[in-house]
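Trainee: Using the sequences provided together with the hints, build the complete structure.
Chains as they are written, first to last, in the working numbering: chain A, 1 to 305; chain U, 1 to 305; chain Z, 1 to 305; chain F, 1 to 305; chain H, 1 to 305; chain V, 1 to 305.
Hints are not guaranteed to be accurate.
Restraint-style ranges between C-beta atoms, simulated for each label pair [stated by the list, open to error]: (1) Ser89(V) to Glu91(A): 18 to 28 Å; (2) Val82(V) to Asp172(F): 55 to 65 Å; (3) Gly55(Z) to Thr133(H): 26 to 36 Å; (4) His5(F) to Thr133(U): 36 to 46 Å; (5) Ser89(V) to Met77(A): 44 to 54 Å; (6) Val82(V) to Arg20(U): 51 to 61 Å; (7) Pro16(U) to Glu223(A): 43 to 53 Å; (8) Gly55(Z) to Asp172(F): 38 to 48 Å; (9) Met77(A) to Glu38(V): 20 to 30 Å; (10) Glu211(U) to Val79(Z): 46 to 56 Å.
Keep in mind the hints are simulated off the structure, nothing from the lab. From the three backbone atoms N, C-alpha and C, an ideal C-beta is built for every residue, glycine too.
Protein chains: 6
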Amino acid sequence: MQDMHDKAAILMESLPWIKRAWGRTVVIKYGGAAMTDESLRHSVAADIVLMKLVGINPVIVHGGGPEITAYMERLQMPVEFVDGLRVTSPEAMELVKMVLVGKVNGDLVSAINAHGPLAVGIAGDDANMIRATQKDVRLGRVGEVSAIDTTVVKNIISDGFIPVIASVGAGDDGGNFNINADQVAGEMAAALGAEKVIFLTDVDGLYADFEDKSSLISALTFEEAESMLVTGALAAGMLPKVGACVRALHCGVERAHILNGTIPHALLLEVYTDEGIGTMITGEAKSLGLDDDAVYTAYEGEVTL
Amino acid sequence: MQDMHDKAAILMESLPWIKRAWGRTVVIKYGGAAMTDESLRHSVAADIVLMKLVGINPVIVHGGGPEITAYMERLQMPVEFVDGLRVTSPEAMELVKMVLVGKVNGDLVSAINAHGPLAVGIAGDDANMIRATQKDVRLGRVGEVSAIDTTVVKNIISDGFIPVIASVGAGDDGGNFNINADQVAGEMAAALGAEKVIFLTDVDGLYADFEDKSSLISALTFEEAESMLVTGALAAGMLPKVGACVRALHCGVERAHILNGTIPHALLLEVYTDEGIGTMITGEAKSLGLDDDAVYTAYEGEVTL
Amino acid sequence: MQDMHDKAAILMESLPWIKRAWGRTVVIKYGGAAMTDESLRHSVAADIVLMKLVGINPVIVHGGGPEITAYMERLQMPVEFVDGLRVTSPEAMELVKMVLVGKVNGDLVSAINAHGPLAVGIAGDDANMIRATQKDVRLGRVGEVSAIDTTVVKNIISDGFIPVIASVGAGDDGGNFNINADQVAGEMAAALGAEKVIFLTDVDGLYADFEDKSSLISALTFEEAESMLVTGALAAGMLPKVGACVRALHCGVERAHILNGTIPHALLLEVYTDEGIGTMITGEAKSLGLDDDAVYTAYEGEVTL
Amino acid sequence: MQDMHDKAAILMESLPWIKRAWGRTVVIKYGGAAMTDESLRHSVAADIVLMKLVGINPVIVHGGGPEITAYMERLQMPVEFVDGLRVTSPEAMELVKMVLVGKVNGDLVSAINAHGPLAVGIAGDDANMIRATQKDVRLGRVGEVSAIDTTVVKNIISDGFIPVIASVGAGDDGGNFNINADQVAGEMAAALGAEKVIFLTDVDGLYADFEDKSSLISALTFEEAESMLVTGALAAGMLPKVGACVRALHCGVERAHILNGTIPHALLLEVYTDEGIGTMITGEAKSLGLDDDAVYTAYEGEVTL
Amino acid sequence: MQDMHDKAAILMESLPWIKRAWGRTVVIKYGGAAMTDESLRHSVAADIVLMKLVGINPVIVHGGGPEITAYMERLQMPVEFVDGLRVTSPEAMELVKMVLVGKVNGDLVSAINAHGPLAVGIAGDDANMIRATQKDVRLGRVGEVSAIDTTVVKNIISDGFIPVIASVGAGDDGGNFNINADQVAGEMAAALGAEKVIFLTDVDGLYADFEDKSSLISALTFEEAESMLVTGALAAGMLPKVGACVRALHCGVERAHILNGTIPHALLLEVYTDEGIGTMITGEAKSLGLDDDAVYTAYEGEVTL
Amino acid sequence: MQDMHDKAAILMESLPWIKRAWGRTVVIKYGGAAMTDESLRHSVAADIVLMKLVGINPVIVHGGGPEITAYMERLQMPVEFVDGLRVTSPEAMELVKMVLVGKVNGDLVSAINAHGPLAVGIAGDDANMIRATQKDVRLGRVGEVSAIDTTVVKNIISDGFIPVIASVGAGDDGGNFNINADQVAGEMAAALGAEKVIFLTDVDGLYADFEDKSSLISALTFEEAESMLVTGALAAGMLPKVGACVRALHCGVERAHILNGTIPHALLLEVYTDEGIGTMITGEAKSLGLDDDAVYTAYEGEVTL
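Mentor: Next comes the structure, spelled out in structure tokens:
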């Protein structure tokens, strides 16, 4: 009986956070072990369902590096990276899309829908949602987001579902592009006017010195994060995440978080407890010295035939 | 840190119950110490707010016996009961309404609104919502529910608010009636097609033998509850509650609960944990031998000038 | 038969005024004998119902001074005024709210609903509609309007009902404040963007010299009214009314009227006949020399948890 | 001043009738002197506008016999009647439509719109609203209503306007038919589920003996009206009106009225005073011995290309 | 079989034009032989129906000169023109309206509705849609558009119908005005924010030299069209059309077309094939040197009683 | 110029078919060469876009046998069929889903979206849309449709998009099932209440004797098709198609078509020309001797968590 009262007290403790987060949109970049470990995947899915039911609008964005590499190796396709980006031939692009849209996306949709008919998987080329352009000719079908039309995502949210988005884009040439999922998450958060964007990864957050595990940073400002992008203080894997954080904050997102997705219920701890975990970046767009053309261009709702 | 993970696990434990209750309407008869003790009142208000934010539509119904008696005594008005019902002269009715609508209702509205603009207090005579007829000429302005128009309550719910209803009714003679709040809660649950009705009281539930505190009943069927109404097995204070439970179940409400409101977070424990507390009554309307004219007549939405 | 034709002609005469007023919102401060005299109350209620049915959206605001004093005296509580404002201890505030919300409000709601399910009574603290701050520490729980959230009032109007508002406010300390109903009426008219605000009182209007009953003023400008506030030309009871008129006109309300509510059907005569009665104040906000921070701050629709 | 109070009292006297009629649909067959006399036309238009503004949904149906005859004579076309019905050659049909749709309809629309943008004129062939079939080959383009699609009329009402309908119909052969406006009014009332249908004519109502002006009937039942159709008790001009009344009542319309439109404000007197004028027919569809296939077939909302 | 494949290929050829025009509003001034020749009328009606079904919102505007003259002559009324405009006495105005609203409008409505319940005919004075003022006292009831309220037209479109508008206007004196239909079409296109306005006439378009049939102009700019208005290069019948084109383009309409309506399916050829026919005028409002008060004043949606 | 007029005439010829099909839902089973041949795929995509723009609501369903086999062979997975159904191990199911959802679906979405943002790809497990159960334990993850929730499909249609559905289903065990796309198309048509279902294949339709190419059947009844299912008159590949046709017709779909998708614009020819192509099956559900439990159970809109 005492145990029951303790539980009730803990539920009650979440009330202020539920009030604070109610009705907000949160973009979650899903990646790392949370994606490949089936048990973690189901745990993260349950967290997302709970967030949805208590009033948050989660939007999931994912890539799928390890699965892509595994299938490329099974098919004896060359696996090559330049500056951390996968060289993506047209043949590889076909496989990238199959793995992202047909496997990783479906796995997460299934994990969420084990709780009820809540998730709808979409690819970035559905209704030409994510437009992309080639990033570097040497990388082949690797693209960058050039515009986002949020019509379909907003419809899915307002219909009561959770959109799960595979990070491929539609090129003007009719082909697809393989886009870094961190970038897609940051741009999607910006285009949706989300309150926050969360990056699930396998490390505990940002380190002042990434060789020193005791130097974890709990919170930092936009400017501090921006300066880390240029000082070499960041691990290679963190560069696109921090870049996406800075970009999203620059476009009006209020907070960005980098969390360790292998911690059980990391999302809930971040959203619904006082202490929080991982690294939080906050910012004031007004104080930025970025030039004007860096401003986000969301072609939201603009549809031409 | 371990502590945080325990908390997350407990939040997660509530997921199945949140899923089950999401979008449902629950009528809560608020009474007893939970109403008069300010600290308990704030605790119950927080529970109600949490229920609202995680997807339930709570509807609150209250009476206010002790406060009425206290004010009557201050004004040296005679306090008299017949068969447990307050003899209510027209002068007393004015005071009853003042206390219910102007004090008890407002106190609960304030307790809820400490969390945000969520509660809207209404009296049973707003828009002639609760129509009543005299119960017994010896009791004066004591009434029984004759019809309920749920238009205003449903509008308040769909506008995103929590209705808090004082148990007075509108008579055909233009005057008000003092109605037992247990009855109002049962009828309101029936008229709204609520999933459940909960009676907050000061005892732990129904006892097989109300003299024997070890005989608490966790669950019983509709038929068993009905037979208790006639066998004298019930304490006097429980008679109207069990009568209202039977009536509500008869009209399609799925479950009725009698809880001890002095247990901290009793509402949450009932709704969001496995074990539950108090006494639960369930029923099948089809098997009932009640005669037809006992069927509820809700004039829902039917408005004549 | 001739009589019938005369009646039809008189109905017809009202057509231009019905056209002019159709669809407009009119805030009516209900007070004086019209509130305490039951026969007058029913007459005013009928006028309000007729206004509603022919296309106006009436919003009723009321205080309840005499009834409060009567109950305080019955309970032997001290009755004291400073500068015409009731000193309101926390104990008195409880009684003030009981009388306003539980008696006066209900009486008017009942009078209107004798014609059909039309009126919904609300208190200023429902959904934290009227926010208030303490006016003067010596007066205790006497407050001033600091912000109005019109969500609930507008919902009630658009649902087809007549809101009847008791002039209490919600303080940031969780307690209630007793607010002058004239002020509430003026601020509510401003927050709703009402076309006009009408003050029902017991005198025929404003007098150039309030000692000289022959000096009744039919119409005056905003500037003239404003100067009367400072020249001592106004009776004490008129000061808050004229102040509220000036404030409402300053915030965009087109016309303010001060009427004698003891004249049968004074509201109809004002709204639906050529001649009108009482005193009308009109104004041009643009020409005002008031400083900027006097501008109304309506937190309409802004709801934070 | 006394005069003002008398007026207010008379306005107040209309309250019960306004309440009773509020939100109801009333079909008005406009004809006789009220149509040809410009002064009467403006008076009737004002009555209709007043009805609209105080909550009734008037729907106007008109023919235009005298104007048609006048134009036919100006154009030296033969004017011939068989059993009271105008023989309508295709050439005459063109003129009939011009006069009904282009003159009579427009004159009434203009008279109403002198009060504001309220009336929208439509012909029975707009959107194939009134489908008609030939009545009698000897009569040429004289038709009978075979089906009514109320889509356009209901849209006009819900858009806040007053539909003014010229009694022509669309034939399956692509041509128009000239339909008796009394029949159109009765069928339209039936198809719309109107509360009442009113026939404006030049006599005071039905007479027990139409030669005896003292035998005016104030009220009669459906069965009595039906029997008058066969006993020869009716004047020729009354036959189609009483037939349309019986038909409309048979299809669920509650009341039919035959009024003298030359009485100033006859419509208002009928709707908003106690005494009423003219003849009222009421009925109970259930008691009728008519065979089933007489039941109305409204193809309401059914649109095929 | 080959034939079928050719047909499919031609349907396919229209895809780019259907995509381009989908969801756009096109105002069509219907006139000339297309109006008086029954076979052409049915052909144009079919074109309009096809346009509607494939996603365009056509709005039809028409006059009716020849039919008016014919009826005036039959009635031996004087037919007189000043500067190409019909002198319109009040008696003539009655006939003008009868012919336009009761004959020409109905004929086109019937031709369209032969395909299904699609067209709703309205006159410019329905709901005071087209307000007009007298153009020249010598011309009597000839008017100019002073304001357009598009409420009724937009309602008809959004209800799924095709509005067919007769070019009469409502004067402030309660009477009607006869307005040049070219002007009405141009102003209506401007008020609706239409994408294009098309003038159906009996010649192939504009000629550089109207005496030289080989000098047909396929396309010209706004400025070129404007200069033709003053240089005398235009045939008299083209002056109001080109004036209306310039006016519409000046108010934001993107393109104006002058087509020969006697060419079978001229509308389809213009809208759905590459080559187009007739003369197209395009413009940039920004570069215009017209003075400010020439800007269109659409009282769209503004309804005062 | 003559050429232009011929084109217009052909466009006009499609009017009756556009009228007939406007607003209807058509389910298209996309398969065979039309799926694997890129040029044919773009041609079919253009046909679908044209159908959408002219008022039809196409819903696309696809499988992807050849691509699945090709990838299985590249990965050296065993390819085995039993009774024409692919033995699908859990490993194979992963690949099946990757190919269907990540490749075939995306290819068709891209082909359609080359015309604008029109197609949204979904898998049968999105929002648990298609529920499935195991068909035969020997076949592994091969499933049969047990229920369809059309919520997501209908939302996509009403948002203005074309749903493209990959034929995988969600099992109660949380895993996916590989379902025959013909069956999915038939069930989806039934669940949506579609007007027709079209099967695109590589042969010209049904043959009376499938060895005799001259025995093509243009039209047959439901009963005839049903009897072909049991007489062995059908080629193996036709069995599931004809079975799906019979099932869809049994559930209220009006017509089923089997077309040769390699014929250019076969969809347009079927929908928009008189002659039609392929085989059409029509039926009357009422006359069927099928037992009751064969009736379709669409859990449309029924969502339980």
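Trainee: Does each hint fit the structure? Answer for all of them.
Mentor: Taking the hints in turn, this is what the structure says about them:
no. : hint                              : verdict
1   : Ser89(V) to Glu91(A): 18 to 28 Å  : holds (26 Å)
2   : Val82(V) to Asp172(F): 55 to 65 Å : holds (59 Å)
3   : Gly55(Z) to Thr133(H): 26 to 36 Å : holds (31 Å)
4   : His5(F) to Thr133(U): 36 to 46 Å  : holds (38 Å)
5   : Ser89(V) to Met77(A): 44 to 54 Å  : violated (23 Å)
6   : Val82(V) to Arg20(U): 51 to 61 Å  : violated (42 Å)
7   : Pro16(U) to Glu223(A): 43 to 53 Å : holds (44 Å)
8   : Gly55(Z) to Asp172(F): 38 to 48 Å : holds (43 Å)
9   : Met77(A) to Glu38(V): 20 to 30 Å  : holds (21 Å)
10  : Glu211(U) to Val79(Z): 46 to 56 Å : holds (51 Å)
The structure is inconsistent with the numbered hints 5 and 6, although it conforms to all the rest.
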